[in-house]
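Enquirer: Spelled out, the chains give:
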Amino acid sequence: MSSEPTTLLQGTLDLLILKSLATGELHGLGISRRIQQITGGTFLVKPGSLFPALHRMEEEGWTSSFWGDSENNRRAKYYRLTKAGRKQLEAESKRWGRISWAIAQALEAS
Amino acid sequence: MPFFPKAASLLRNLFMTRRVEQELDLEVRSHLQLLIDENLRAGMPLREAHRAARIELGGAEQVKQQVREQQLGDSLHSWISDFRFGARQLYKNPGFTLTVVLTLALSVGANTAIFSLVNVLLLKSLPYPHPERMGTIYTRINGSSAASDERHNVNGEQWELLRDNVPALISAVSAGGTSGANLKNGSHVGYVHAGRVSARYFDVLGIQLLMGRSFSEKEDRPHGPKAVILNYNVWRNVFDANPNILGQAVLLKSEPYTVVGVLPQGETTPLNADVFTPLQPSRAGEGGGTNFTAITRLRESATSQEADAQINRAWLSRSGRYELAGNPGAKVSYHSVPFQKGQTDSLRPQVLALMLAAGFILLIACANLAGLTLVRMLRRTPEVATRLALGASNWQIQRQFWIENLLLALIGGAVGTGVGYLGLRGLLLLLPEHFLPVAGVPLDARVMIFTLTVSVLTSVLFGMLPALVARKVDLRSSMADRAVARPGGLRLRQSLLAGEVALTVVLLAGSSLLIRSLIYLETLPPGFNPNGVMVAKASLDDVRYQDPATFRKLLDESTAAMREIPGVQNAAVALSLPYERILNDWITLSDGKEAGHQDGSDLTYVTPGYFDTLQMPLLVGRVFTDADGSDTQRVAVVNQAFARKFYGGGNPVGRYFNQDTLIVGEVSDVPIVSGLDSVAPIQTEQTIYVPAAQVAGGSLAILHVWFQPDWIVRAAGPVEGLTAEMQRALAKADPNLPASGFYSMKDLLARTLATQRIEVALLGSMAALALLLSAVGIFALVANMVAQRTREIGIRMALGSTVGQVMLQIGRSGVNASILGVVLGLILSAGALRVMSSVIYGVGVYDITTIIVVVLTISSVTLLATIIPSLRIASIDPARTLREE
Numbered sequence: 160m161s162s163e164p165t166t167l168l169q170g171t172l173d174l175l176i177l178k179s180l181a182t183g184e185l186h187g188l189g190i191s192r193r194i195q196q197i198t199g200g201t202f203l204v205k206p207g208s209l210f211p212a213l214h215r216m217e218e219e220g221w222t223s224s225f226w227g228d229s230e231n232n233r234r235a236k237y238y239r240l241t242k243a244g245r246k247q248l249e250a251e252s253k254r255w256g257r258i259s260w261a262i263a264q265a266l267e268a269s
Numbered sequence: 089m090p091f092f093p094k095a096a097s098l099l100r101n102l103f104m105t106r107r108v109e110q111e112l113d114l115e116v117r118s119h120l121q122l123l124i125d126e127n128l129r130a131g132m133p134l135r136e137a138h139r140a141a142r143i144e145l146g147g148a149e150q151v152k153q154q155v156r157e158q159q160l161g162d163s164l165h166s167w168i169s170d171f172r173f174g175a176r177q178l179y180k181n182p183g184f185t186l187t188v189v190l191t192l193a194l195s196v197g198a199n200t201a202i203f204s205l206v207n208v209l210l211l212k213s214l215p216y217p218h219p220e221r222m223g224t225i226y227t228r229i230n231g232s233s234a235a236s237d238e239r240h241n242v243n244g245e246q247w248e249l250l251r252d253n254v255p256a257l258i259s260a261v262s263a264g265g266t267s268g269a270n271l272k273n274g275s276h277v278g279y280v281h282a283g284r285v286s287a288r289y290f291d292v293l294g295i296q297l298l299m300g301r302s303f304s305e306k307e308d309r310p311h312g313p314k315a316v317i318l319n320y321n322v323w324r325n326v327f328d329a330n331p332n333i334l335g336q337a338v339l340l341k342s343e344p345y346t347v348v349g350v351l352p353q354g355e356t357t358p359l360n361a362d363v364f365t366p367l368q369p370s371r372a373g374e375g376g377g378t379n380f381t382a383i384t385r386l387r388e389s390a391t392s393q394e395a396d397a398q399i400n401r402a403w404l405s406r407s408g409r410y411e412l413a414g415n416p417g418a419k420v421s422y423h424s425v426p427f428q429k430g431q432t433d434s435l436r437p438q439v440l441a442l443m444l445a446a447g448f449i450l451l452i453a454c455a456n457l458a459g460l461t462l463v464r465m466l467r468r469t470p471e472v473a474t475r476l477a478l479g480a481s482n483w484q485i486q487r488q489f490w491i492e493n494l495l496l497a498l499i500g501g502a503v504g505t506g507v508g509y510l511g512l513r514g515l516l517l518l519l520p521e522h523f524l525p526v527a528g529v530p531l532d533a534r535v536m537i538f539t540l541t542v543s544v545l546t547s548v549l550f551g552m553l554p555a556l557v558a559r560k561v562d563l564r565s566s567m568a569d570r571a572v573a574r575p576g577g578l579r580l581r582q583s584l585l586a587g588e589v590a591l592t593v594v595l596l597a598g599s600s601l602l603i604r605s606l607i608y609l610e611t612l613p614p615g616f617n618p619n620g621v622m623v624a625k626a627s628l629d630d631v632r633y634q635d636p637a638t639f640r641k642l643l644d645e646s647t648a649a650m651r652e653i654p655g656v657q658n659a660a661v662a663l664s665l666p667y668e669r670i671l672n673d674w675i676t677l678s679d680g681k682e683a684g685h686q687d688g689s690d691l692t693y694v695t696p697g698y699f700d701t702l703q704m705p706l707l708v709g710r711v712f713t714d715a716d717g718s719d720t721q722r723v724a725v726v727n728q729a730f731a732r733k734f735y736g737g738g739n740p741v742g743r744y745f746n747q748d749t750l751i752v753g754e755v756s757d758v759p760i761v762s763g764l765d766s767v768a769p770i771q772t773e774q775t776i777y778v779p780a781a782q783v784a785g786g787s788l789a790i791l792h793v794w795f796q797p798d799w800i801v802r803a804a805g806p807v808e809g810l811t812a813e814m815q816r817a818l819a820k821a822d823p824n825l826p827a828s829g830f831y832s833m834k835d836l837l838a839r840t841l842a843t844q845r846i847e848v849a850l851l852g853s854m855a856a857l858a859l860l861l862s863a864v865g866i867f868a869l870v871a872n873m874v875a876q877r878t879r880e881i882g883i884r885m886a887l888g889s890t891v892g893q894v895m896l897q898i899g900r901s902g903v904n905a906s907i908l909g910v911v912l913g914l915i916l917s918a919g920a921l922r923v924m925s926s927v928i929y930g931v932g933v934y935d936i937t938t939i940i941v942v943v944l945t946i947s948s949v950t951l952l953a954t955i956i957p958s959l960r961i962a963s964i965d966p967a968r969t970l971r972e973e
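Chains A and B, in that order, give the protein sequences. Numbers in my numbering are just positions in the first sequence, counted from 1, shifted up by 159. Numbers in my numbering are just positions in the second sequence, counted from 1, shifted up by 88.
Incorrect hints may have been included.
[Unchecked claim] Some, not all, of what chain A presents toward chain B, calculated at C-beta under 7 Å:
no.	residue
1	Gly187
2	Gly200
3	Leu203
4	Pro211
5	His214
6	Arg215
7	Gly220
8	Asp228
9	Asn231
10	Ala235
11	Lys242
Hints were generated in silico from the structure; no laboratory data involved. Cβ coordinates follow ideal geometry from the N, Cα and C atoms, glycine included.
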């Protein structure tokens, strides 16, 4: 397995975005705020990382997008998971579980 | 992996760029708005809300760029924009682009034309089924002074052994070439090329007849039934595509021949004949010498090793082996050679030499283009420095240059293909009919791939240097240099120029040698007066003229009729004329101390008026008269070369050869095409003239298969409608005797020297092209020096230099390079031109005149190419140049 830190980070961001969309459609800012919320404020995703990731994931076919009205009637682009996206979320979650377990094991070893 | 959404996104990104961009813009804006709303809700004042939102967004344009960079097809996008930029750069420099494209077009065009010849002659298969099974037989002679490995014609004995004792092959023989014959249909008699072939000839070639059959074994036996096979064009044009022609008799050579077959449309044979008759080969007569050309096809079940073993077993057991005559200790063996190679071997050295010359042209062009792009590159140093400073990577800069080179190569290649096509058409027009053993020279896929490869390779070659230089651009000094290009690369450009001038010298020297030897051949002392002579050829391969009395009657009546044409002074007939191929005979001297001496001599029959008509000076004795007939003393006239060779220059008159033939006169030498000991395309050689009236009937038949006699007339001035009058005179003697063509003596010489003329034309145009390219190279170098150093020149002139001094200073760069090139070229020529010794005549490889001409040509071209651009120096105004400082 590749041990590139960027891959790991990118993978993490993808996983967080997928997870944030698991409960329903959100616009960009919504995703950003949701990630902030579910990680207890640990991850603050800036637009400079968020948008490239969103577009890439859409090109991969994990998400689809549409234009809708926000809660205070602003036009905004919404994203939601596709079927492939849900599968990806499942796979990524499992992978992450394995990695975090492995890392925890490694750190506990003496 | 979901393929479909990816592909859809890629297409969207590539083809709906504007919509993708708009949507991205909207999305980023809406994000900003949402952030502002959020901040306002949190109770920030309006301005503060805006500021905080912008900070969090981090710059709308940067965000968009980050999205773009990871969009699918992004790299493709940047390639396209590089191409656009490149095209714009080329469009903005029309002078540079035009020079490069023209240079490329000429050099690629020359290579395309020559390669298409190589392709069709050496690479492509001949148009027969399973050409790899077809072959010819080579004779290898070792262990003697005259070692050789080449295709020999075979004799009757060899043919019979090949046919009967080599079961691995299907074999056939044909006559060496076609002969003229008269074909009668209704009242019209037409002249056709008749090829004589053995049975199975068409089987070896794998040709299926349109209708009918090939010759049977019976028809191919001596004195067998007379049969004929027509080619498609004769069947359609002469016999109106008569579907019932099979089994009918047509009148060929005044005898009925039964049509047994018709060839399909467009079918070519190595003989290229209009009609085919059975060869009827045997060991006697024609088959006594090596007069047959053999072709073979390997049977399905056999291998070529088996075939070679069988050939050697069969042919080495012969009792009389001509290969051993003259060198008894020689080791002789035989081997099969692919048909393609056998057919084109004689053209191979010339074609390869041309390909080499074309390669030189390409190198010269590359050197020029490298120089041009190098200068352009140096001029663009400020642009490169700016782009580097703005953050372009080295790779991006390099890629830009490569893309521009590639664009140039592709444009140049496309134009070059057109030039090559036109060049090839011109070349084919130049070639005599049936010169190449193929029907046509197409620009096929292989030629196209070659052209593309050459273009791209050229681009790599000439792009490499500048790209390497670009690597070393020093940011700080280039920016500070006020965008003045450095005079760098001068040494490099001079070396390139010297190289191309050297190659030009080789090509010029080579073509000068060819021109010199052509001039030598064309200005050989004729030994007769060729002006005012008109020649008509007609075929006497006719059963009626195998009778000496009828033959003599025809000659007497036709020459008498021709003498009556107003303006004609004299007329005669001969088997062959000066500048033509002549019969080789074998004679035995009969008296004096030379008695019993045997050797080869050329021989031709002539009518009594021959020497007068050609105004060939009689040196000793007499020429023929009407009194020399079939029942009188057999007589001969010989030439000076004969007297020299056989009598040590003594008087030959009164001497006998072949027991009963008396030499009655000696005439001057004339150039002929020799088959005896050929050292040049035309030369003088020992020749015997005999009276036409004394040739025996049996000889007449075979002589007229091989040769078409010439009717000659001499006119004092131009005679209107002379050829028509000659045809009419011929018809008076025999209404069924069409002339096959009319020629002046100059035409005959030109026909004989066709190969030499083509060589001169081809290599000459290559050399001219090389010279032109070198001139362009020198011109560009000097012009560029003037442009680069305008400031320096201004200062020098302000300090008191004259225009002449400055011109000398600047022009020296080009002249020095050229001098170095000439020296290199002469050294190179000393080695390279030795290979030409077999194709040049009357001039040595190291010919001082040629060297002087070459050096003078290059010098004057160099001077011109140097002076013209440096004339601009005179118009430089020192004051203005300095003010600009």
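Enquirer: Please name the hints from earlier in the document that this structure breaks, with their numbers sorted from lowest to highest.
Expert: 2, 3, 8, 11
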